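With the sequences and hints as input, model every part of the structure.
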Amino acid sequence: MKIKQFGAALVAATILATSVPVAADLTFPMLSYRTGPYGPNGAEFADGYADYFTLLNERDGGIGGAKILTPECETAYNTAKGVECYESTKEGALVYQPLSTGITYQLIPKVTADDIPMHTMGYGRTSAANGKVFSHVFNYPANYWDGASVIIKHISDEEKGDLKGKKISLVYHNSAYGKEPIRTLEELAKKHGYVLTLIPVDHPGQEQKSQWLQLRRDRPDYIIMYGWGVMNQVAIKEATNIRFDMSKFIGIWWSGSENDVLPAGDKANGYKAVTFHGVGDNYPIFDELKKFVKDAGKAAGDGSNLGTALYNRGMYAAMLAAEAAANAQKIHSTKDLTGAQMRDGMESLKIDQDRMKALGLEGFGPEINVTCANHGGPGLGAIQQWDAKAKKWSLITDFVESDRSVIDPLIAEDSAAYAKENSIKERDCK
Amino acid sequence: MSPLFLNALEVILNGLMAGIMYSLVALGFVLIFKASGIFNYAQGVMALFAALTLVGFQTGQVPFAHLINAMFGTEIHHWGSGMNTFLAIILTMIVMIIFAWLLEKIVLKHMVNQAPIILFMTTIGLAYFMEGFGDLMWGADIKTMDVGLPSGGSIWLEDFTKGWAAEGTEYYGMYIDVLDVWAAGIAILLVIALTLFSQYTKTGRALRAVADDHQAALTVGISLRTIWIIVWSLAGFVALVAGIMWGSKSGVQFSLSLIALKALPVLILGGFTSIPGAIIGGLIIGVGEKLFEFSIGGMIGGATENWFAYVLALAFLMFRPQGLFGEKIIERV
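Chains as they are written, first to last, in our numbering: chain R, 1 to 430; chain X, 1 to 333.
Just so you know, these hints were derived from the structure itself, not from any lab. Some hints here could point you the wrong way.
Said to hold, decoys possible - Now the stretches of chain X that chain R is said to cover, found in silico as 3 or more residues with beta-carbon under 8 Å:
1) 163–177
2) 250–261
Said to hold, decoys possible - Each pair of labels, with its calculated beta carbon distance range:
3) X:298 with R:425: 37 to 45 Å
4) R:290 with X:149: 34 to 42 Å
5) X:77 with R:298: 17 to 25 Å
6) R:265 with X:314: 57 to 65 Å
7) R:304 with X:129: 22 to 30 Å
8) R:302 with X:163: 40 to 48 Å
Small disclaimer: the values here were computed from a predicted structure and weren't measured. All residues carry an ideal CB built from backbone N, CA and C; glycine is no exception.
Here is the structure:
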């Protein structure tokens, strides 16, 4: 009997020790996807996210003296699995970064009810930028509409400010994500006088012959792409097949990774994408990552992804989360945080270039100033261009601001509609 | 000629080419279904696995490198600069034959006389296993497939057809991807080879005998288990061809396994037991979906191809439930 009791106690102790974060651990659950059709992209982001936290643990002993835990749950980019992952990891969770617009939509009411913030950096529901309505959702430093606007600004610059009569086609993933920029591009078309054509591509996008035959017939001056996964690779390959000028083919940041351009080989040279963070590994932070994470054998992946577009994005997301956690610790004078306290830290997050320099990321991203009303951040974007010979991206513009005169009213309209549908009373953000 | 007419011709031509790509996938399903009555859910994953293996050999990747590194703390990735494409294809084929042999030894022989639904469920399990095994063996990153096939729009056809449009109209010449033309040529060779094999070789005749009647074939001494190994090897070869063609377009990655979805309407339309059916079915689906998208798609929001292929296949089923070339099943009580 005693042996049985001892055995049961041992099992219980093991379960407790392995599954429940101890006090003063900071838990950042990772709803990642390393499998399925979008796995190659999800894995790079997840590696960057995990490696940054590993760096903080190894170099600094965590955040403010508290160790960081990053329990990982595989969503396979599947909304139902994403919700399951959320439910199974929310105990003690500080912030979620689901990397899926579908999962984000499902989690918005859940995180709000559970008092846990969610950071949907460059994806998710764009109007969540309105903090008065979306108290627990943050999408700084930029959102889909910012991306569309920055692309149009770039095209306008290329055309010396005159877009009247120009033909611009949007090739988009036929999903909630892909449809996000349509309204913005339509509004911008009214303002600038270009003609917008919409070309949807169904999931997964392995076959796009019809779309590219149409584009070849239409002869657009520019093509914008909101794709993800294999859709990007096929689209870029098809664009090279019809000998479209790649410097006039511009993707959103989710269509701007090495994975998207490499299969098309040298012909992809000149392809562009908008981004909200730096490219490559020429920042001091990468020396730290190599020293404390990769060379120490603690990298989440095999360490070969350092400096790729999606790795950098994951790393940047983790850095923003860590900075918000440090801010929350300061506000609440505790190193052991709750989701609610983390939310406070995110809502008053300020990162200037001095801080970026101290982090080893000078010039990697724009300055950030989150407020109660503005959860969307500065909305800046830069254009990156692919050099097929060197096999690397380089930034060809500075970070420029999106067209607030068009985007802010759209955010106000969409968030007001959400508030009405869900009987949400706007917060007073004075 | 009016540009509209020429554009429609271009759509038909490209539909035929897309159809052949669908047929390449459908052929693998047909081979296995004909010989064993198994609907092989794993055919798409076999194409992915074959393509991963080919690129792995080509680039000199060490199989299971991640696993080896994690277990022994090593840092091995490649054993050299890779190998000649032809040799890599031969080695990949050997891997697919070993796969077929192991499958028969470990799985299929225990499934003899099981209900078709059990066999189908087995292939679902096989698909998931192979997905994970492929990832573990070669990694989940996107790989570039280059076997030296040319690709890109044919400049010759474009220049040749530019003058076909009526004067004063805007026409840029007809488009066709050279890779698709190669795929068509390879598919034709594949069908001829399969037909010759099944008509004029002893093994081929044994395959047909098994396809006609398992019990009768067994009574004349044909080994069902050997036939299954041969058929799964052939399906592995077809999967490799499909993997090369589709992988050349999109890179080799998990999504390659989803090409099976494009083969299903082809099978519904062409029948599960006919090699010509897989080809004709592919062509009809390819042309049908492209023409529908071209003529009506734009009016109803576009992206119609995925669902229209199934609508077209179901429309055919109303008149020929066994598919265009399928065998009519008559069960007498």
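Name the hints, by number, that the structure is in violation of. Violated hints (numbers, rising): 6, 8; every other hint is consistent with the structure.
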